[in-house]
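Colleague: Given chain A's structure and the hints, the job is docking chain B onto it.
Protein chains in written order, with UniProt numbering: chain A, 1 to 205; chain B, 1 to 205.
If you are wondering where the hints come from, they were derived from the structure by calculation, not from laboratory data. It is possible that part of the hints are untrue.
Identical chains share a label here; the pair holds if one copy fits it or two copies do between them.
Claimed, not checked - Each computed DSSO-like pair below joins lysine-lysine, with the alpha-carbon atoms no more than 30 Å apart:
{"hint": "1", "residue 1": "LYS204", "residue 2": "LYS67"}
{"hint": "2", "residue 1": "LYS136", "residue 2": "LYS50"}
{"hint": "3", "residue 1": "LYS23", "residue 2": "LYS136"}
{"hint": "4", "residue 1": "LYS136", "residue 2": "LYS59"}
{"hint": "5", "residue 1": "LYS50", "residue 2": "LYS6"}
Number of protein chains: 2
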Amino acid sequence: MEFSSKLLENAVNEMAQLPGIGKRTALRLVLHLLRQPEHQTFQLSEALSKVRAEINFCKSCHNISDKVLCEICSNTNRNEELICVVEDIRDVMAIENTSSFRGLYHVLGGKISPMDGIGPQDLNINSLVEKVKTGKVKELIFAMSPTMEGDTTNFYIFRQIQDHNVAMSTIARGVAAGNELEYTDEITLGRSIIDRVPFEASLKS
Amino acid sequence: MEFSSKLLENAVNEMAQLPGIGKRTALRLVLHLLRQPEHQTFQLSEALSKVRAEINFCKSCHNISDKVLCEICSNTNRNEELICVVEDIRDVMAIENTSSFRGLYHVLGGKISPMDGIGPQDLNINSLVEKVKTGKVKELIFAMSPTMEGDTTNFYIFRQIQDHNVAMSTIARGVAAGNELEYTDEITLGRSIIDRVPFEASLKS
Numbered sequence: 001m002e003f004s005s006k007l008l009e010n011a012v013n014e015m016a017q018l019p020g021i022g023k024r025t026a027l028r029l030v031l032h033l034l035r036q037p038e039h040q041t042f043q044l045s046e047a048l049s050k051v052r053a054e055i056n057f058c059k060s061c062h063n064i065s066d067k068v069l070c071e072i073c074s075n076t077n078r079n080e081e082l083i084c085v086v087e088d089i090r091d092v093m094a095i096e097n098t099s100s101f102r103g104l105y106h107v108l109g110g111k112i113s114p115m116d117g118i119g120p121q122d123l124n125i126n127s128l129v130e131k132v133k134t135g136k137v138k139e140l141i142f143a144m145s146p147t148m149e150g151d152t153t154n155f156y157i158f159r160q161i162q163d164h165n166v167a168m169s170t171i172a173r174g175v176a177a178g179n180e181l182e183y184t185d186e187i188t189l190g191r192s193i194i195d196r197v198p199f200e201a202s203l204k205s
Numbered sequence: 001m002e003f004s005s006k007l008l009e010n011a012v013n014e015m016a017q018l019p020g021i022g023k024r025t026a027l028r029l030v031l032h033l034l035r036q037p038e039h040q041t042f043q044l045s046e047a048l049s050k051v052r053a054e055i056n057f058c059k060s061c062h063n064i065s066d067k068v069l070c071e072i073c074s075n076t077n078r079n080e081e082l083i084c085v086v087e088d089i090r091d092v093m094a095i096e097n098t099s100s101f102r103g104l105y106h107v108l109g110g111k112i113s114p115m116d117g118i119g120p121q122d123l124n125i126n127s128l129v130e131k132v133k134t135g136k137v138k139e140l141i142f143a144m145s146p147t148m149e150g151d152t153t154n155f156y157i158f159r160q161i162q163d164h165n166v167a168m169s170t171i172a173r174g175v176a177a178g179n180e181l182e183y184t185d186e187i188t189l190g191r192s193i194i195d196r197v198p199f200e201a202s203l204k205s
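The shape of chain A in the complex, shown without the other chains (with noise of 0.2 Å):
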């Protein structure tokens, strides 16, 4: 693609490092912010920055938070005892639209994967590690995506924490509310037959 500007040149080439924004969006969206009123860009290059050098984590749970502490773990209605292991702060996000969860999270901040070259150390397993052993934790739930590297993570987290006194769960795997049952993957159906629910206790979602 040939730019009759080094400045725009520059922009799209930017713009274009973002994820599944190849150069041709990216000039789209250039050559559209260039038609819009100037503040709308200086705002939107204002928030970037700000948010990239004033970006801080909750120092408990590691979540995106503007304070020392977020929202959730500084709620003294939540349930200390019960701490939800997530991946990153989208399914925090995700969990907390359910409205069905009252304790609190722990983000990892990614999931081992030695193929990407990702190991422990660049988690925040540590932390959780330390969490666990001052005792005040009684279940921790694994909330992680049911994939090779979830599934690493969570047993990991499993071995170095089995030897103290805490429950773990993870989230359940089965048949998703909507799905037809014969599009269900064998792996997931058979999980689902495995992992059955009284038919009470079913009624009470």
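Modeller: Showing chain B alone in chain A's frame:
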């Protein structure tokens, strides 16, 4: 969507104002930037505000340019008598990529579209008429999109200029290379029969 941080929320909201980028995608992009080294965000942010603040348009053809006259307009090897009228700078880039045009361009900056509140006065039409009045231009090629707005814009310019001694043509409409005839719409197919080209001339492309 509930955010745990105002800074994050602000960055996501600004990002989500870009066309085709919803809140979820914006969040994914911002979180990606947070995982990258700081300088990547600062470079993106600076490139965007710089291109917006220092953007300059060629005073002759209105293409984006870092100089007063763009490289195409200041290239003495190009044919000044032939001007291709396009909607957008992306069209200049697309036509330049074909290497089949050696004249100059005139970027209108949009097309007449009453539905979007865009009239002739919002486009670079006056400067085109002035250019024609100098008498140096022999032919205008309309290369607008084949839509109602594009046709309206062509016709408006045609009426402004018809009293001057300048040839006006429009790019050929017809069957696209590689397309199956049976899937071509009837307007295009009909046009391609009316505008048929002597077979020997078609061998030259």
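Colleague: Each hint should be assessed against the structure and marked as holding or not.
Modeller: Hints, one by one, checked against the model:
{"no.": "1", "hint": "LYS204 <-> LYS67", "in the structure": "neither (37 Å within a copy, 70 Å between copies)"}
{"no.": "2", "hint": "LYS136 <-> LYS50", "in the structure": "neither (36 Å within a copy, 52 Å between copies)"}
{"no.": "3", "hint": "LYS23 <-> LYS136", "in the structure": "neither (51 Å within a copy, 37 Å between copies)"}
{"no.": "4", "hint": "LYS136 <-> LYS59", "in the structure": "within (17 Å within a copy, 71 Å between copies)"}
{"no.": "5", "hint": "LYS50 <-> LYS6", "in the structure": "both (25 Å within a copy, 11 Å between copies)"}
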